[in-house]
Amino acid sequence: MALLEVSNVSKQFGGLAAVSEVNFHVDQGEIISVIGPNGAGKTTIFNLLTGVYDVTEGKIVFNGEEIQNKKVQYIVNAGIARTFQNIRLFKNMRTIENVMIGFHQNTKYNTFDSTFRTPRFRKYEREAHEKAVEILNSLGFGKYIHSYAGNLPYGEQRKLEIARAMATGAKLLLLDEPAAGMNPQESEELLQFIKELQDKGFTIILIEHDMSVVMNISDRIYVLDHGRMIADGLPEEIANNQMVVEAYLGKSEDDAAD
Amino acid sequence: MDKRDKIVWLVVLVLLVAFPAVGLSRYLQRVSSLIFIYMILALSLNIITGYMGQVSLGHAAFYAIGAYTSSLLSEHFGWNFLLTCLCAVLMTGFIGWLFSIPTMKLSGTYLAIITMGFGEIVKVLIINWESLTHGTYGVQRIARPEFFGVEMKTTNNGMYYLCLVFVVLTVLFCIAIERSKLGRTLRAIKDDPMAASLMGIELSHYKRLAFTISTALAGAAGALYAHLSGYIDANSFNSDVSMMILSIVIFGGMGSIKGMVLGAAILVSFPEVFRFVAEYRFVVYGLILILMMVFRTDGLLGGNSKRPYTFPRFVKVKEGEVKSDGASGGQ
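Listed in order, the protein sequences are those of chains W and D. Going by the numbering used here, the first sequence opens with residue 1, and the numbers climb by one from there. Going by the numbering used here, the second sequence opens with residue 1, and the numbers climb by one from there.
Worth double-checking, as some hints may not be accurate.
To give an idea of the interface, some chain D residues facing chain W are shown, with a C-beta separation under 10 Å as derived from the structure [unchecked claim]:
1) Ala195
2) Ser197
3) Ile213
In silico EDC-like links for lysine to aspartate or glutamate, alpha-carbon gap of 20 Å or less [as the list claims (entries may be wrong)]:
4) W:Lys70 <-> D:Glu202
5) W:Lys143 <-> W:Glu189
6) W:Lys91 <-> D:Asp192
7) W:Lys108 <-> D:Glu202
8) D:Lys316 <-> W:Glu127
9) D:Lys316 <-> W:Glu130
10) W:Lys91 <-> D:Asp298
11) D:Lys316 <-> W:Glu134
12) W:Lys71 <-> D:Asp192
13) W:Lys91 <-> D:Asp191
Some residues of chain W that are not near chain D, with every Cβ distance over 12 Å (derived) [unchecked claim]:
14) Gln12
15) Asn23
16) Gln28
17) Ala180
18) Met182
19) Ile217
20) Arg220
21) Glu236
Everything labelled a hint here was simulated from the structure, so no lab data went into it. Predicted, not measured: the structure shown is a model, and the values here were computed from it. No residue lacks a Cβ here, since even glycine has one placed at the ideal position from N, Cα and C.
Could you put together the complete structure from these sequences and hints?
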């Protein structure tokens with residue numbers, strides 16, 4: 001059974017159909033890329049998956065449970081976390097604190113506990129700190145633990161966003177243009193990084209424009225244009241798909257004359 | 001809290017405890033107690049403004065509710081200060097909680113304007129609800145707090161020490177907040193509410209919580225003030241007071257507990273210390289605020305710390321696992 005099954009999902013903003021009757025599925029452990037020109041509705045799909053927007057129509061089943069129109073917090077708890085196209089770290093908080101915010105829902109004590117330093121407070125704080133250090137070390141972030149997120153180099157900020165999403169306990173990571181603004185060397189590093197995530201057991205949906213990343217890493221690719229899925233398949237199939245080339249580059253004059 | 005901070009806090013505390021030994025006049029006792037009360041008010045507003053990043057222009061309203069609750073209960077029932085103060089804290093926190101419900105979706109300038117309006121409403125209510133508040137006559141001859149038969153006065157250092165104890169408790173409480181999930185969460189909301197929400201943080205819950213805790217603390221400050229001055233009316237809690245509290249928070253450095261304490265000490269004592277320049281002191285006062293904001297936008301002690309993150313003592317991070325590079329970051 002697929003980990004995520006999206007069936008006939010549409011999203012309208014007033015009269016504008018941002019996403020129309022989209023179908024796709026993601027299996028456990030896959031890396032799926034969603035590509036398409038700007039304004040095709042890719043980020044809208046992420047917003048629907050994470051509960052930021054309600055769907056107008058359709059069904060989203062995650063891990064056997066319908067999650068469309070559920071609250072954002074509920075979906076995070078169910079195991080979907082995301083990063084953002086424009087990095088949205090907590091810039092004035094330290095790297096380790098950013099990751100600990102990811103543990104938010106699993107840090108189960110209240111203000112009474114923290115005021116009186118109850119055993120429960122100590123237990124969960126210890127757990128949060130230790131796990132945060134563990135995640136950061138496992139991603140080679142050890143030397144940045146004390147740094148404020150806003151001071152990190154650009155590529156590291158992208159990675160920290162992913163680390164923070166991992167900390168929520170997510171099974172499915174939605175990465176929104178992680179390679180945006182990176183130079184070839186940085187995006188090569190990111191590629192390795194995402195592959196490591198897959199080895200760690202994460203399932204990943206990727207929105208990306210950098211084709212060297214997309215073609216190298218994806219198990220399957222979905223192509224979105226004007227809010228519709230126009231193609232799907234293996235990377236090499238997509239690279240040779242006429243409709244995809246048209247969506248990106250427009251029709252050539254010869255074709256248009258037909 | 002790291003070692004250096006602890007030493008600073010202890011030294012300051014010892015000095016403050018020893019201070020009355022030099023023989024304070026009633027005037028000095030009153031000013032010091034007032035400074036303590038403003039420290040509590042600033043620490044209270046710091047939770048909403050410093051941590052969560054929301055501006056309140058009507059904090060005096062909650063201060064007033066605390067003062068009236070405590071003094072009226074004391075007047076009608078003759079209850080002990082600890083009990084009336086507790087009621088003031090609960091009452092103010094409750095009203096703060098109610099206030100936060102309709103304003104939940106608001107932030108920034110909109111929230112600021114609403115808090116200002118709320119401040120005015122409370123003031124008008126105090127003046128016109130005569131059967132409860134004695135209107136413009138105010139509440140008079142408010143009893144001094146009494147513990148085990150000893151009256152806390154400005155002649156026996158009682159009020160000084162009572163206010164100091166409240167400041168210490170408030171500081172400890174705020175440190176506990178800062179170094180817990182609540183503190184982290186509020187700062188995350190300040191930095192990026194959208195991202196915070198997508199990390200599973202329920203924004204409305206934390207907004208309510210921050211408002212409730214903050215206003216409850218302001219209520220305690222109000223109770224202290226009423227029993228310190230012995231007389232309150234609507235003018236004790238006008239918008240100047242709200243402005244003063246907000247100035248301390250910004251001047252001291254948003255989000256910094258030390259900043260609140262230092263800021264209150266400086267800004268409240270300033271008009272007293274500079275009496276010799278007479279009416280010009282408020283020009284100097286305004287000038288200092290302007291210069292501060294131009295040259296030190298983070299306030300006295302605000303901004304991101306240069307020191308490494310301090311792990312709680314009960315967290316054992318293995319040696320060598322964390323390579324400290326201070327807080328400077330990668331460049």
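Among the hints numbered above, which are violated by the structure, and what are their numbers in rising order? none
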